[in-house]
Amino acid sequence: MPSEAQSVRAISFGVGFATGLYGISFGALSVAAGLDFWQTMALSLLMFSGGSQFAFVGVIATGAGVVPAVLSAWLLGVRNGFYAIRLAPVMSLSGILKPVGAQLTIDESNAVSLSQEPDLPKQRQGFWLTGIFVFLFWNLATAAGALLGSAIGNPADWGLDAAAGAAFLGLIWPRLKESKLLLLAVVSAFSAVLLSAFLPAGIPVLLTAGVAVIFWIIELLGKSK
Amino acid sequence: MTLWVGVLLASALVYSWKLLGHLIPERFVRNPSIRSLAALLTVAMLAGLVGIQTFVSAEGVTLDARAAALVVAAVLFYLRVPFIFVVIAAAAVASLLRMWL
Chain A
1 MPSEAQSVRA
11 ISFGVGFATG
21 LYGISFGALS
31 VAAGLDFWQT
41 MALSLLMFSG
51 GSQFAFVGVI
61 ATGAGVVPAV
71 LSAWLLGVRN
81 GFYAIRLAPV
91 MSLSGILKPV
101 GAQLTIDESN
111 AVSLSQEPDL
121 PKQRQGFWLT
131 GIFVFLFWNL
141 ATAAGALLGS
151 AIGNPADWGL
161 DAAAGAAFLG
171 LIWPRLKESK
181 LLLLAVVSAF
191 SAVLLSAFLP
201 AGIPVLLTAG
211 VAVIFWIIEL
221 LGKSK
Chain B
1 MTLWVGVLLA
11 SALVYSWKLL
21 GHLIPERFVR
31 NPSIRSLAAL
41 LTVAMLAGLV
51 GIQTFVSAEG
61 VTLDARAAAL
71 VVAAVLFYLR
81 VPFIFVVIAA
91 AAVASLLRMW
101 L
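In order, the protein sequence lines correspond to chains A and B. 216 is the number that my numbering gives to position 216 of the first sequence; each next residue is one higher, with no gaps. 100 is the number that my numbering gives to position 100 of the second sequence; each next residue is one higher, with no gaps.
Bound-form chain B, shown alone (with noise of 0.2 Å):
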């Protein structure tokens, strides 16, 4: 497989999965028990991508400069702080901690 095919073929196979959860018939998804799943299902799923931006590298689990940015970022969304500064704020962090350390 030629990377362009591999380019278009994975492409049209993540957009496959959009459009599916759009096409289940409404009646199934209006069910009050299903759409709690799918919120459960968001957060824990946004949730375990944050664990992974933050402690996972290439070379395995890891404790870094992402964590320290993590945890002024939360600190910040406590102190209700915009979202766009939290953002800009931590990649300063990482940044500033990896050019002293």
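Only chain A is shown next, with the shape it has when bound in the complex (with noise of 0.2 Å):
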């Protein structure tokens, strides 16, 4: 069907300008935070992680230096190897893939690969598309806002921030329709938002995980009745 497989490029191409939009935001961050141009690149183009990124430059900013920042990013990085191992048989991959796909693998390639269940040419479309698209805008996003820091002057200015946050939404949005799924995310973005009013920036992502494992855990409860 034509017109479906349509749509997984333009919600790659959604995700990936979405993203960008975010990415001038980083950019200009990240300078103000006292990288310099190619480090503020540097980290767009090899960390290539959004929340790994922000919590890096964040820290930084802080003058917590650079100890706290690399451990910081490295803690919130951990999501990206449970998106891995939900991405690794559907896939499938071998070879110069491997080591390329497992750079494109974060929040956004496989949400949107996620969102195209359980059809598995969409899903791995989706994947690519979205990674690709991603690590494009993200990049050139970084690279305008690194150079127009000053002139765009406060990102949020712009609701530059507040465009993530629907982003990410609208990749969880089709799951939503599952109660179970429903029930699930809203306990996980209370407890985050609970959680960051008494913990550093990043944990209270990788607590959520524990809110999965509870209901995992009910759901086998469930099945073995």
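These are computed hints drawn from the structure, not numbers from a lab. Glycine residues also receive a C-beta, built at the ideal position from the N, C-alpha and C atoms. Please note that the accuracy of each hint is not assured.
Only some residues are given here: those of chain B computed to face chain A with a beta carbon under 10 Å [stated by the list, open to error]:
#: 1; residue: His22
#: 2; residue: Glu26
#: 3; residue: Met45
#: 4; residue: Ala69
#: 5; residue: Ala73
#: 6; residue: Tyr78
#: 7; residue: Ile84
#: 8; residue: Ala90
#: 9; residue: Leu101
Mind docking these for me? Both chains are given alone in their own frames, and the hints should help you get the complex.
Structure below.
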């Protein structure tokens, strides 16, 4: 069905564009935190994981030093490992595609792939297209943000920070028709916000994994009956 | 540790998670209950990110223009408005509210 295949392309492009909007604020914030243009670009090209990158420059900006910045970025990156575990059997990557696909394993590519379940070709198409679009837009936007940093002023004035929340909501939206997943999403969002009042940035998102594990155990117990 | 060493080391560490997940033996991840856990983890963490991106700032938990933008986004997604327009609308709502308030 060409119209549905197109919609995977449209979603992937839309996600890439939205992430790009967000990337402008990353570039601007990174330069404001004291990184130079190429250090900022190295993070977007090599680290390529928004959460970890924002954590890294955020910690540098507070003056806490390089070691805590490295540790925060590393901890936040663990969720990409969970995404990779989900994606590995879907993608069945081999040879050079495995290390390339690994680099593109991020929130957005995994979420678009997940939204195309159970259609295997569309899950794969969604992963690759989204990964590539996000990589392109994210890096172009980072460069623009780093160069224009002072000119665009505060990225929040343009609502660029609000774009990210809307984009992530859109990615899980198709899953929320299932009442169990809707409940999981509400409980996870609520706990993450609540825990943010007490814990350093990055940790609350990781703890939502615990919420998922609790739901999983309930699901397993329900099946064994 | 210099800033450059930190940038490169942190990038390598983040990449190692991504690669590790792809290298775990297939027979382990083919297990349906493990796949179900991985899907639950994705929804939970993305929902957590929605919450944090919307209600948390450097000052802590806050209710600001981003919350209004998220409500507008939810209504537009419900009305099946295409993704890209929803994201632009969310940014516009937050931007206009900040201009007026």
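**Study point:** List of violated hint numbers, smallest to largest
**Key:** 9
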